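Residue numbers (my numbering), protein chains in the order written: chain A, 6 to 319; chain B, 9 to 521; chain C, 14 to 362.
Hints listed in this document are in silico derivations from the structure and should not be mistaken for laboratory results. Computed from a predicted model, the values in this text were never measured in an experiment. Accuracy of the hints is not assured; some may be wrong.
Below, a list of computed lysine-lysine pairs in the DSSO-like style, where the Cα atoms sit at most 30 Å apart [as the list claims (entries may be wrong)]:
(1) B/285 <-> B/241
(2) C/190 <-> C/95
(3) B/379 <-> C/95
(4) B/373 <-> B/387
(5) C/259 <-> B/373
(6) C/20 <-> C/95
(7) C/68 <-> B/354
(8) C/68 <-> B/387
(9) B/241 <-> B/229
(10) C/95 <-> B/387
(11) B/229 <-> B/285
(12) B/139 <-> B/211
(13) B/379 <-> C/259
(14) C/190 <-> B/354
(15) B/373 <-> C/190
(16) C/68 <-> C/259
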Amino acid sequence: MEIIEILFTASFWAAAIRIASPLIFATLGELICERAGVLNLGIEGIMVAGAFAGWMAVYSGTGLWTGVCVAMIVGMLFGLLHSTLTVPFGLSQHVVGLGVTLLATSSTYYAYRLALPEVTSPPKIDAFQPFEIPILSDIPLLGPALFSQTPLTYLAFVLVAVVAVVLYRTPLGLAVRAAGENPAAVAAQGLSVTAIRMGAVMAGSGLMAVGGAFLTMSAFDSFFFEMVNGRGWICIALVVFGSWRPGKALLGAVLFAAFDALQIRVQQTSLGTLIPYQIFLMMPYILSILALILMSRRAEVPAALMVPFNKGER
Amino acid sequence: MNTAPVEALALDAITKRFGELTANDAVSLSVNQGEVVALLGENGAGKTTLMNILFGQYTADSGAVRVFGKTLPPGNSRAALDEGVGMVHQHFTLADNLTVQENITLGARSLFSPGLGRSAARARIVDLSRKFHLSVSPDARVGSLSVGERQRVEILKALYRDVRILILDEPTAVLTPQETDDLFATLRLAIADGLSIIFISHKLHEVMAIADRVVVLRHGKMIGGVDTQDTDKNALAAMMMGTEATPPKVSPATPGAALLELRSVTTADVGSVPGLKSVSLALQAGQIVGLAGVSGNGQAAIADVVGGLLHPASGELVLNQEAVRRWTPRNAVQSGIARIPEDRHKTGTIADFDLVENAILERYKAPAFSKAGWLNWRKSRAFADGIIDKYDVRCPGADTPIRLLSGGNMQKLILGRVLEADPQIILANQPVRGLDIGAVNYVHSQLLAARARGAAVLLISEDLDEVMALADIIHVIADGRLSPGFARGEMTPAQLGLWMAGQGFDKGVAHAS
Amino acid sequence: MRLEPIKNPSLARKIVPPVIALAATIVIASLLAMVAGANPFSVFGLILNGAFGSKFAILETLNRATPLIFTGLAVAVAFRAKFWNIGAEAQLYAGALMAVLLGTGVLPWPSVAILPVIVVAAVLAGALLLLVPAILKTRFGVDEVVTTLLFNFIFLLFISMLLEGPLKDPMGMGWPKSARLIPEARLPRIVEGLRLHWGFALAVIAAIGIWILQTRSTLGYEMRAVGLNRDAAAFAGIPVNTVLVKTALLSGGLAALAGFSEVAGLKGSLTLDLSPGFGYTGIIVAMLALLNPLAVVVAALFVAGIFVGADSMSRAADVPTYLADIMLATALLLMVLAIMLTRFRVVRD
């Protein structure tokens with residue numbers, strides 16, 4: 006009963022949308038990479054780096070949007086590293102991705118320790134505040150849930166549409182999708198598979214970093230270790246769940262976030278006191294695995310995902 | 009007739025070396041506007057290298073490429089395309105999950121232009137397909153198209169970009185004789201429209217039918233160029249191979265008992281590739297059964313059913329008069345079936361394994377090579393050495409990774425691997441694809457020798473000439489259905505072509521059984 | 014640019030790229046040390062001294078290498094068959110859990126009886142934990158990278174639940190910590206008086222065993238064949254899915270031994286910080302060892318040395334220990350690049 010009541014509160018849906026936001030950024034980022042044929046396992050570490058970079062920029066005195074840009078640039082640099090190794094050099098996307106995650110995470114922690122050597126609890130910044138969209142935010146239930154979010158959340162939703170339009174309605178998007186389906190087709194038209202794939206990985210990595218920055222600049226207002234906590238891996242599952250389509254991925258992220266928001270609230274109900282809280286914390290990960298199993302038979306994997314392309318080789 | 013022919017494309021004294029191998033040795037080739045020039049040569053003669061140089065994939069060591077008098081910068085993969093040279097590759101460069109229109113318009117506009125201009129593009133595609141008789145729906149997913157349709161998409165792709173010179177690499181290898189006629193009709197329309205065409209092939213009758221001139225390559229050297237009206241097939245064959253082509257001499261077969269039978273075997277469709285539809289086929293001792301047909305019509309399914317990789321949805325496999333129940337690749341090997349796979353690189357061998365490891369790949373569990381889960385490398389090595397010796401595998405030694413061997417030597421190792429067990433049944437799937445003439449003759453002689461000692465052979469090939477030369481009985485496969493068996497010499501190529509196109513089945517002819 | 018395979022690489026071709034990779038790693042780490050305001054030479058001196066400078070340091074390094082050998086082997090075995098087990102962290106905890114479940118007094122047996130039982134139980138637990146992703150992969154085609162990664166989070170929460178619930182040590186003063194192992198269930202020291210337990214010897218023996226398995230046994234042959242070319246292996250009659258499942262069982266079992274050896278050899282009880290990411294570091298160890306089981310031992314010593322050395326360097330030079338992680342991640346990325354360049358030539362065109 007309590008659970009049903011929760012489902013009809015605006016604060017629950019507002020929380021779901023908030024939890025979904027970083028996932029949307031990062032899932033879109035991974036989706037772009039994979040659509041071009043590159044699995045980016047650097048996502049977890051790139052989110053960590055983005056979370057720190059954006060927050061640190063603001064802490065050092067820049068504006069919030071400048072912080073978002075800094076995060077994105079840092080993400081793109083790691084994307085450049087990842088794609089240089091995996092695209093022209095064709096190295097294992099598994100190994101390089103994990104290596105990038107390790108490198109991004111450890112260099113972030115190193116930088117944090119150097120920047121703030123003596124602190125025990127990390128300092129706070131003035132994070133993005135909710136912005137109520139006039140009129141729309143007055144709609145009952147929907148208004149407070151959807152239209153009283155921070156600007157970064159609105160950006161996430163706008164980006165879903167932007168990515169969808171670019172992928173399906175522009176020559177660039179067509180080239181990206183073709184690179185993930187059959188790079189030889191791209192090369193035969195005189196386009197550079199290397200440039201398209203590297204560009205896609207860099208753009209995608211930038212979005213992942215913004216997803217991380219959402220955590221420190223919108224969801225919370227400071228940086229903690231272990232803050233990303235597997236969200237990157239969940240986003241990889243969400244890409245599969247969304248069948249590599251931006252709209253479906255958005256749906257998956259919101260659905261997933263709703264479950265997450267629900268478990269947090271159920272923990273505080275009478276049911277929650279009976280069950281160890283760890284069970285609730287496991288739910289996101291278990292859900293991700295279930296989503297993968299569910300979609301395993303149906304998913305339309307880009308045909309050239311994880312297939313390196315070497316010019317002149319047939 | 010042009011009074012003053014305009015030179016469309018000229019390759020001028022192109023030389024390209026890879027280490028010690030000279031792939032192109034001062035090769036020159038020119039095409040005039042409205043002309044069809046055939047480039048004729050065996051596998052490995054240097055045709056592909058020449059085309060890669062034209063398209064900037066490789067840089068020539070010396071020589072120049074000119075399009076309508078303009079010299080192209082070497083090593084620029086866009087230069088040839090931008091000057092209006094288009095190519096239809098033998099292996100199509102299409103993305104299966106994209107639509108026909110998406111495939112055609114890919115890269116046609118600047119990447120950063122804001123839209124795809126879809127309705128205009130669509131109108132143009134419909135227009136072109138009508139004009140050149142290339143019927144195909146712009147919204148169809150390429151993955152759902154037949155091979156012939158995909159080729160039309162490839163040609164449309166080139167025409168959409170206003171090519172002035174069209175290069176076709178072995179375009180008929182995947183077509184039925186009738187589809188080939190349609191292709192030629194389209195090409196004639198294109199020529200009438202002012203295009204120039206380079207037609208790469210090793211099929212002499214097609215070259216004679218479509219080309220104005222023929223240029224012959226052999227071992228990277230240009231042997232000569234002749235007008236088709238001044239030559240004939242035999243003369244061309246002599247130029248191509250250096251000798252007159254001699255089909256293998258085959259004595260009449262003396263077939264024995266049926267060793268392996270497929271009885272009403274049906275399998276599921278795999279994507280756009282049709283499954284088998286109630287196929288019955290018998291392989292008799294001392295006989296070569298040939299399976300002709302355009303690739304992708306169910307040949308792979310037959311090979312996989314016999315080889316143990318695919319289970320029939322219905323029907324049965326009968327081995328020495330007994331229906332088999334459990335049937336895996338290992339069962340097939342243990343039952344004395346020698347399998348020569350279609351793709352020796354992808355399925356026949358493991359590139360990074362050495363020759364010893366590849367030699368025992370199918371039989372490492374046999375007592376000869378392992379006991380209680382532990383391998384006997386000494387005996388395995390002796391086995392590999394034996395094959396290298398007996399089948400004349402040219403290699404630095406048995407511990408060489410097999411990826412360093414030529415295709416012919418790789419195939420010899422596979423032959424040795426499967427023939428050393430004196431198999432009673434041989435499944436040869438495209439056994440000579442991509443081999444040079446010497447290796448082809450070697451493989452064919454081995455198959456004939458096996459037949460002579462009483463083995464049953466199933467030869468699957470897309471090359472109708474090969475099937476007609478070797479097989480005692482010919483079946484045609486089309487869309488998963490199998491024709492009756494035709495005795496050697498019973499059918500002309502044209503008649504078999506009708507079966508390959510799927511006609512004949514509909515006339516109520518009983519299946520062979 | 015294009016990559017062209019080199020048919021017969023020269024000796025220089027084989028040696029120069031990895032050496033440059035290692036040198037570049039050191040240069041990058043030096044620059045980072047300078048950013049932290051330290052003299053790179055003294056930083057490396059301190060790392061070297063901290064890792065191998067004294068008997069105590071060497072023993073510390075050997076102890077730290079022990080779990081890394083196990084997880085490195087687990088990853089090497091799996092990656093060899095192209096089964097991407099990124100879940101060694103969870104399997105490690107599965108082994109540790111078995112040590113605590115059976116070694117805290119449930120089985121009141123002498124060492125000779127109880128230790129083998131715990132080892133077998135630990136191996137089985139790790140193997141079973143990886144069986145799930147293996148079956149999801151072979152039956153449903155679910156990518157094992159993501160499932161094994163997610164399993165790490167799930168299983169750690171599971172351990173946390175146990176440590177705050179049924180396994181919580183009543184004497185632990187409220188900390189989420191298990192009871193201590195009985196002395197019979199502890200791994201003894203190799204030499205009395207030296208802080209080095211039999212887990213290290215077990216790890217080296219395991220490495221030799223895996224090497225023999227890979228080079229001599231039919232299973233090892235099958236695993237290599239499946240890893241190099243799944244289609245060809247299937248065509249030849251190797252039961253690919255069965256081999257993948259066997260590989261997973263072996264890999265999970267090896268990773269579990271890391272947890273067993275940490276609890277039974279070193280810590281004596283199970284806590285949530287038993288492993289500072291040994292499972293993930295195992296990937297670096299395995300890659301640096303080029304997936305060769307014997308080289309895993311050397312790579313594990315190298316990696317452990319960097320960690321142990323960095324710990325003591327950090328105390329002395331005020332450079333964050335994360336420098337070690339950066340060095341290893343850099344070494345990993347540069348080394349895979351270098352290994353590729355020993356076999357391919359970059360051609361410009």
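If any of the earlier hints don't hold here, list their numbers in rising order. Failing hints, ascending: 1, 2, 7, 8, 11, 14, 15 and 16.
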